[in-house]
Amino acid sequence: MRALIISSIDWNDMWQRHQTFANGLAELGWNVTFLENTGFRNPRLHDYARVLRKLRGKVVASTLNPHHPNVDVISRFALPPNGRLFKRVNSKLFARRIASSLPYTEYDVVLLYLPTNTSMALLDELQYKALVFDCVANFEAHPEAPNDFPQMLSELLRRAQMLLTDGGVLYRLMKDRHPNVHIIHQGVPNEFFIEQAEVQEYRTACYFGSIDSRMDWGVIRAIVDAGIEVHMYGNSIGLTCEGVTFHGPIRHKDLPRRIANHDILLIPYKRTEFNDGIIPAKIFECLATGKPTFVSALPYVTDFKEELYICHSPEEFVAGVLSLKSVESQSLVERRRLVAMKHSTSSAVAELDRQLRVLLKGV
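Under the numbering used here, the first residue of the sequence shown carries the number -5, and numbering increases by one thereafter.
Rather than coming from a laboratory, the hints here were simulated on the basis of the structure. Just so you know, nobody snuck in bad clues.
As a list, the in silico EDC-like pairs of lysine to aspartate or glutamate whose alpha-carbon atoms are at most 16 Å apart:
{"no.": "1", "residue 1": "Lys299", "residue 2": "Glu322"}
{"no.": "2", "residue 1": "Lys264", "residue 2": "Asp206"}
{"no.": "3", "residue 1": "Lys319", "residue 2": "Glu192"}
{"no.": "4", "residue 1": "Lys264", "residue 2": "Glu309"}
{"no.": "5", "residue 1": "Lys355", "residue 2": "Asp102"}
{"no.": "6", "residue 1": "Lys264", "residue 2": "Asp210"}
{"no.": "7", "residue 1": "Lys123", "residue 2": "Glu100"}
{"no.": "8", "residue 1": "Lys81", "residue 2": "Asp118"}
{"no.": "9", "residue 1": "Lys86", "residue 2": "Glu119"}
{"no.": "10", "residue 1": "Lys336", "residue 2": "Glu185"}
{"no.": "11", "residue 1": "Lys264", "residue 2": "Glu310"}
{"no.": "12", "residue 1": "Lys86", "residue 2": "Asp118"}
{"no.": "13", "residue 1": "Lys319", "residue 2": "Asp257"}
{"no.": "14", "residue 1": "Lys336", "residue 2": "Asp297"}
{"no.": "15", "residue 1": "Lys123", "residue 2": "Asp102"}
{"no.": "16", "residue 1": "Lys247", "residue 2": "Glu185"}
{"no.": "17", "residue 1": "Lys81", "residue 2": "Asp142"}
{"no.": "18", "residue 1": "Lys319", "residue 2": "Glu195"}
{"no.": "19", "residue 1": "Lys299", "residue 2": "Glu310"}
My request is simple: use the sequences and hints to build the entire structure.
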């Protein structure tokens, strides 16, 4: 079985469901082609090294997160999908070049993450049996979405035989727009279920993941000002914050060991229409550790109001952190772990494999 993943991220970006599903399907015997992001917005200054790499068609070997031997990671250049000229060049030139450079001429399944003019033109150049849209963000609400994104999304919904979401807001947004919508979260790997010593003092907090403008830095500063050490693991693209220790990106498999050194976990995102469609991939990873996790009041997290500390303001984050010694308990730790155990990565990938095989039988 052959699967082409037309990704919205590069392989060396922070670990997300794109890589989880690619490696997971490969472990189940699929031959997977992972096409890195072909563009969504106009590049910024820090993007140009990536642009030059794609111009050379070069994939950087990942020492952080190696891919399975059955996964071919492909990097190809295309112009940003904005403006009439760029779209025409992508459709007439780059889409054809990308398609001809892939390792297979025909795929059983195409798993598409981002409906842009480029990716839709690429579909026209491919031979495949089934098309699946894996909807992982409310890109319609993204402030830099291409101006024709609604049309591209409508076209993809018309073409796709199946639509996946990770649940929550995205499922509610899409369930009436397509007849075949399924919820599959990428879940949590077993490595995050590690035994940890009982905490006597809550002194250090950590965040892991993409470090960018989506984060609520007012929360971070308030926690630092309250005397809590804050550590961040991920690519900060030059961002700094006084009192925060930035560790840079680390291997996904090493994350459990690193976050075991901290007492509190943080997921502090701003409330925006785009962020409201996000289900942080790290939700179940945080729960699997059993550690107290403080989360901005995004719509999805209310499903776990008994296991997470849900906060509406920097003041609520600080008050909650400072009260941990009196409210935390071993029963809470165990409850978090039990919730996470119901959402393992292995079961998620097995469900994805099952849904794809059912789909292929019907096409």
